[in-house]
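Protein chains: 2
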Amino acid sequence: MLSKNKIKLVGQLSNKKFRYENSLFLAEGHKCVNELLKSFECVFLAHTEGYELPDGVRKPKDIETVTSQELKQVSLLETPQNVLAIFRIKPNAGNGVKLEGKLTIAIDGVQDAGNMGTIVRIADWFGVEDIVCSFGTVDVYNPKCVQATMGALARVNVRYTDLAEFLKSASEKVSVYTTTLDGSNIYESKLDNNAVVVFGNEGNGISREVRSLCNRSLIIPSFPKERVTSESLNVGVAAAIVIGEFRRQFK
Amino acid sequence: MLSKNKIKLVGQLSNKKFRYENSLFLAEGHKCVNELLKSFECVFLAHTEGYELPDGVRKPKDIETVTSQELKQVSLLETPQNVLAIFRIKPNAGNGVKLEGKLTIAIDGVQDAGNMGTIVRIADWFGVEDIVCSFGTVDVYNPKCVQATMGALARVNVRYTDLAEFLKSASEKVSVYTTTLDGSNIYESKLDNNAVVVFGNEGNGISREVRSLCNRSLIIPSFPKERVTSESLNVGVAAAIVIGEFRRQFK
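Sequence lines, in order, name chains V and R. Note that the first sequence covers residues 6 to 256 in the numbering used here. Note that the second sequence covers residues 6 to 256 in the numbering used here.
Some hints could be false.
Chain copies aren't distinguished; within one or between two, either way the pair holds.
[Said to hold, decoys possible] Quick list of in silico lysine to any residue cross-link-like pairs, SDA-like style, CA-CA up to 25 Å:
| id | residue 1 | residue 2 |
| --- | --- | --- |
| 1 | K22 | Q116 |
| 2 | K43 | G208 |
| 3 | K107 | Q74 |
| 4 | K43 | F228 |
| 5 | K173 | E214 |
| 6 | K36 | F228 |
| 7 | K22 | Y146 |
| 8 | K103 | S227 |
Treat the hints as calculated values from the structure; they're not laboratory data. All figures in this text were calculated on a predicted structure; none of them were measured in a lab.
Next up, chain V with everything else stripped away, as it sits in the complex:
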């Protein structure tokens, strides 16, 4: 049976301050938990009868079999799953990102947990190892965001840092791309795979300071190009198309 302390702890993990003070985050569902077990230290795992740990992962020190009812009580999901686990956040090594010879994603202020999760999945699919975020970006260890990554967080390093500082130093070594309405047509540009690509906030795009640190600018053309649409693309969709195009050119 889950102790009162455990129930309280799970609830507290919705709180960002609490997560970082304790370096802990919550994940639910076997898809997500099983992936994270491969890459994060698990400090507690509660599961219903029938769930089995995947092969080749270290058994969590603290593991408990509970009823569906108990799991439902603590779950933050609308449809509770068969397993819930608490993992240790890895120490943030924001300045240790190797930039040369690869593609890195930078995020300036994305707010929606679903969008952030989508971007982590895109990074995973396209083999981008690092995502560097401004402090104002939604916390990837937010339970909704962990859920939206569908376990991809196990294979992508997400760091929070002073983004302007990071880009100032990055722009001396590699190309720093952004997408703007007056950028070059991405499909007609020879892309440099030695690069950081910056994506901005859902409503406001990237901040003026960050923009001034980007040395290349791209646009995803609408079709036909002359067509006027008042529409813009969702940041997850823009990231998919941009990162996909980098990978197409360097396949």
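Assemble the complex: chain V is given as a structure, and chain R must be docked to it using the hints.
Same frame as chain V, now just chain R:
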């Protein structure tokens, strides 16, 4: 002041059966409402002081100024906006879709309103006029879905039909593409722009019957190609990359 009947009507528009029996749907927020006013008949519009109808649209017959408090009471959104409107659903002309010489999207059972909205926005951005959906696909006039289209619904025709019937007839005229794990690398395939591209359900992909009606199969390769990832791409992200690649090849 909003009458009891109006308040009741707005609430009922969350219900699919009610929407179709009355051929009405709800939209909120000036971004969304102002776009839809250009293309759908508006039967009722309620707005707060300060909202102005955009230029060039027909004034709704029934228009009312209300307080923020009143709007908040009926709003289905967590953060209510300054305007809310009820529009007439256009008659469904599922079999009237012209297929030759263009790209059409087909949807087989997408369930998430956010994903469906994203696909409508992608269609709008890339100039895809028609989306043909199976009856089991989430209703695009669902208020959450309308919201997620951000007004793109004004420029894209979404129809519901017997998808297998539709594809049977379509496959005699144009290429019918799907994405599968054993498909051809999309970046190395010469795509036929005279085509229907089918996207499937979030968990189960496309149904066996629909799959048998597709005559071309594509894969979005992960990077590097050999890399094993247990991850898959979200359907909105897959649609973005696939439709983007069609447009790149036919720019």
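Fill in: Hint check against the structure, violated hint numbers in rising order
Violated hint: only 3; rest satisfied.
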